[in-house]
Amino acid sequence: MRKFFVTFFLVIVAYVLQTTALPSITIADIAPNLLLIISAYAGYINGRTVGLFTGFSIGLLLDCQFGSILGLYALIYMLIAYLCGFFHKIYFREDSTLPIIIIGVSDFLYGLLEYIFNFAFRNKLEFGFYLKRIILPEMIYTIIFSIILYRIMLYLYKHEINILKHKKEVDDFV
Amino acid sequence: MRNRQKRFFINPKYIFIVFIILCCVLMIASARYSDNFMSARDAVGNVFSPMQAGLNSIGRTAKKCASMFKSKASLIKENEKLKDEVSDLNGKNRSLQQSLDDMNEIKKLYDLGMTYSDYPTVGAKIISKTPSNWYSSFTINKGTNDGLEVNMNVIADGGLVGIIVEAGHNYSVVRAIIDDESNVTGTFNGSTDSIDCNVSGDLTLIETGLLNVNGIPGEADITDRDLVVTSYNSPKFLPGIPIGYISDIEMDPNNLTKSGKLTPIVDFSKINSVLVITHLSEQLY
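Same order as they appear, the protein sequences are chains A and B.
Here the first sequence stands for residues 43 to 216, where the numbers follow our numbering.
Here the second sequence stands for residues 446 to 730, where the numbers follow our numbering.
Be a bit skeptical, because a hint or two may be false.
List of simulated lysine-lysine pairs, DSBU-like, C-alpha gap at most 35 Å [to be verified]: (1) A:Lys174 x B:Lys522; (2) B:Lys508 x A:Lys174; (3) A:Lys45 x B:Lys517; (4) A:Lys166 x B:Lys508; (5) B:Lys522 x B:Lys508.
In case anyone wonders, no lab produced these hints; they're calculated from the structure.
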């Protein structure tokens, strides 16, 4: 239940911030992707199912307000969050390098999918330019943001269940 | 708690497959029957646009507070400079007013149509911008309740900003002309014969803030810094709205058409409020 409410709260806050505050702190016209961080970490911290629902709801919100067709962003965000959910198996609270790698790879994947679906299909083929000017800067900016956000999300989710599970395993063993 | 969780456990793989199918169905359905999904989009917009408007007004107030701490000396200097400018402009305004009256007389005689400045407009504030780095569209705080409709033209600072692509009850989404998917039919101001061209946004010109212009007839007599305005031939844009100034005109490899770059009149990084022309272009097609 806690997971549900925390995720709900995070999605709403991140969505409102992403559409209002973040476009005004752009560096070279590039804004970090807060929504991607939320969906990727929801998957990483809580597993595939939670990630899947988080990604889907974020994507659907984007589709409703800004997309031309419903479902495309939902699919992209859901796919990324689901893939991040696989890393839940090697999730470890104090590990701070894996989350950075996860965000880097997911944001790259997001950029790639966005390019393919919305640009390559319209015969805009200078991939090198889009990679250099949009995908990579966004990736770096997003990674910097994710370092701060990871701690906040860990605090909000307060991952006690994992500790309990671990304790039980130890008890069983003894 | 743990037991209950175990009882409802479904392999995420299956949920994933179900949701992928759901997304695909949604995509196809919304592409085919886009009108039927408008109410769902409207609901999301109705919930979020007040929040976005609130947060934006907080940001604006903060900016205003920060500007309060300007030094007195610089303000006095600025005031003097502005006073000079006002007296200068007043003089200019008077002479312009005179020529405007003359022009109105002549216009009446020639029975010319309205120019864009005669159209009824509604002011609106920008409440949120597209969250993606790939697009340039934004949401404004007025919708169908204020008489806005899809395909209405949006202007600011006397130049074209974009067009409404989605209108909800209390919000509308405006696609800016710098967006990669935007296309506007333009013509050259003051040219006697109609020289049409296509003004399109291009993400690869993000550094310079320019737009692409192509399809200008090769024999057209145009020079750099000519003003491009919306054309009579455009099905969605009202005629005569200034778009920007052309530059870098080059002959295309096919030797039939010319293309160039366009500097928009509107500074898209600074706009906060826009005017919506509540007059739809007459459907010619």
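To see whether the hints hold, each was checked on the structure:
1. A:Lys174 x B:Lys522: It is violated: about 44 Å lies between the C-alpha atoms, which goes past 35 Å.
2. B:Lys508 x A:Lys174: Holds, because 32 Å separates the two Cα atoms, which is no more than 35 Å.
3. A:Lys45 x B:Lys517: Violated: Lys45 (chain A) and Lys517 (chain B) sit about 53 Å apart, past 35 Å.
4. A:Lys166 x B:Lys508: violated, 38 Å
5. B:Lys522 x B:Lys508: Holds. Lys522 (chain B) to Lys508 (chain B) sits at ~22 Å (cutoff 35 Å).
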